[in-house]
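**Student:** Chain by chain, the residues:
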Amino acid sequence: MEKKTRLKRERLKEGLWFSSFKAIACGVVVFLFLFLLILVVKGAGSISWEFLTQVPKEGMTRGGILPAIIGTLWLGIGSVILAFPMGVALGIYLSYYASENLFTRILRLSINNLAGTPSIVFGLFGLAVFVKALGFGVSILSGILTLGLMVLPIIVRSTEEALRAVPKEFIEASFGLGATKFQTIWHVALPTAFGWILTGVILSLSRAAGETAPILFTAASFYMTRIPSSPFSETMALPFHIYALMTEGTNPEIHTKMAFGATLVLLFMVMCLSVLAIIERQRLRKWKKW
Amino acid sequence: MKEEIPTKIHVEGLNFWFGSFQCLKNINLKVPQNRITAIMGPSGCGKSTFLRCLNRMNDFFPGARLTGRILLDGVDIYSEKVDPYELRKRIGMVFQKPNPLPKSIFENVAFGLKIHGIKDNIEARVEKALKDAALWDEVKDKLHKSAFELSGGQQQRLCIARCLALEPEVLLLDEPASALDPISTAKLEELLTELKEHLTIVIVTHNLQQAARVSDFTAFMYLGEIIEFGPTGEVFTKPKDLRTEKYLTGKFG
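Protein chains in written order, with our numbering: chain A, 608 to 897; chain B, 8 to 260.
Please keep in mind that the hints were generated in silico from the structure rather than gathered at the bench.
Mixed in with the good hints there might be a few duds.
Claimed, not checked - With a straight-line Cα cutoff of 30 Å, these simulated BS3-like cross-link-like pairs (lysine-lysine) come out:
1. B:K203 - B:K138
2. A:K775 - B:K135
3. A:K775 - B:K247
4. B:K104 - A:K775
5. B:K32 - A:K775
6. B:K152 - B:K138
As the list claims (entries may be wrong) - Covered by chain A, per the in silico footprint, the following chain B stretches (three or more residues, Cβ under 8 Å):
7. 54 to 67
8. 120 to 129
9. 163 to 171
Computed from a predicted structure; not experimentally measured.
Ideal Cβ positions, reconstructed from N, Cα and C, are used throughout, including at glycine.
Using the sequences and the hints, build the whole thing.
**Tutor:** So this is what it looks like as structure tokens:
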């Protein structure tokens, strides 16, 4: 008899926990939906063909944000191209070559700390080193270097995790046939882990495209009437453009609207990248069933 | 009779440690050429570890330490003159769980050729290896499909074909049938009997019937030592050591 009531109580408890988790999950979805809704409602009005393809005109009260879109692409893609080979190489080193010693521990600690460093710190570092000391000035190049450093730990970590997730059986099979470590990494581990590494790369690309603080002092320009032509020129960039419009806009009514429009464009670009990552992961999951 | 068969692998006073734990104790064994030698014993007795010493697969574990000698055709495989990568080409290994690579059937077999820089007649070599592994007829129409589409037994024969493509002298098998159904197991055993014409086979198993069915010689291992070694018929019918007898009659294991 007593057993039965205990069972009942346990069931009730489980039901309560389950319902509260479910409520939280629903809350998150609702929040995301509202978030998107508000942005679309406020920003959709400014989106037009002109907005996407024109340079800003008349103190940014008219025209579009094309230089900011191009600038964001420059910075995002450039920084990932820079950080990708370095990050993958470091990830390989950490998962296959590094033995557990003081140096490896320091290296790991450095990477973890870099990953947790606030982005404004990267911005100041970039200003001190790339803009001033190396004399690259406020330019796309300085921005790419700064952002590249910022996303490096993301790529290192995702490479390391992806390589760690490669089934041990594959590695043994390769070694068993007489492959060297390098051959095993190159022909077996990397192809197997590639999709996951790529996911990390795409995520870091969207991170780089969306950051404001690292480019604040290193690359960003408030108002440009032309498209950046070389890596040594300053550039507009979407996140900074939004910030600038909201804080320094002289015509709040128009500028707020334009800022929401730019936000929507940025969000759309980042979302496209995330969707790409999801599609890629699904494709790989379907193809490789082990 | 035993004197007439040349020795392929001669193990002399082999001791092996993982860290401070000694897994193998003073192992002496002469593996006869072109015969199947079975190593049986209860789980955790060091069978697999011993097998992995024979093609230096234990090199990859940090903390592994070894003394004694393992001679392949009279040459110590742990001497500096021997390249472990070349060694693993001569001594192939098939693992407990079928482990095809995430590539096509063809690429799985061609993989070993590729990494050893063999570039001529790849297709003919792959075909021959698959035929030798009795798999060709089942896969010839889907060579470029993923190896994971094969059944467990087929995958295991693919793993054997992968080794055979490198024309090894010795094949080591670590409980190759433990994940297979009885029919696949029978096919595999038949295959091994055919293969011993050309190469020397060492098979680890904890399946007594399997050891009795396929092997010419049997070693019984217990707690890191080889307790008994001899022609399979003798070991099974007239075991010299009490522990072997107890194991064979199911008193432990």
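**Student:** Work down the list of hints and note, for each, if the structure agrees.
**Tutor:** Each hint tested on the structure:
Note on B:K203 and B:K138: the hinted pairing holds, with a Cα-Cα distance of about 15 Å set against a maximum of 30 Å. For the given pair, A:K775 sits about 28 Å from B:K135 by alpha-carbon distance, which is consistent with the 30 Å threshold. Distance check on the hinted pair: A:K775 and B:K247 sit about 40 Å apart at the alpha-carbon level, beyond 30 Å; violated. At roughly 11 Å between alpha-carbon atoms, B:K104 and A:K775 fall within 30 Å of each other, so this suggested pair holds.
Simply put, B:K32 and A:K775 have alpha-carbon atoms about 28 Å apart, close enough for the 30 Å limit, and the pair holds. Between B:K152 and B:K138, the direct Cα distance comes to roughly 18 Å. Compliance with the 30 Å bound is thereby established for this hinted pair. Residue count for the segment 54 to 67 of chain B with a Cβ under 8 Å from a Cβ of chain A: 3. That meets the three needed, and the coverage hint holds. Given as covered by chain A, the segment 120 to 129 of chain B passes the check, having 3 residues with a CB less than 8 Å from a CB of that chain where 3 are the minimum.
For the segment 163 to 171 of chain B, the stated coverage by chain A is satisfied: 3 residues place a CB nearer than 8 Å to a CB of that chain, which reaches the threshold of 3.
In summary, the structure is inconsistent with hint 3 from the numbered list given earlier, while agreeing with all the others.
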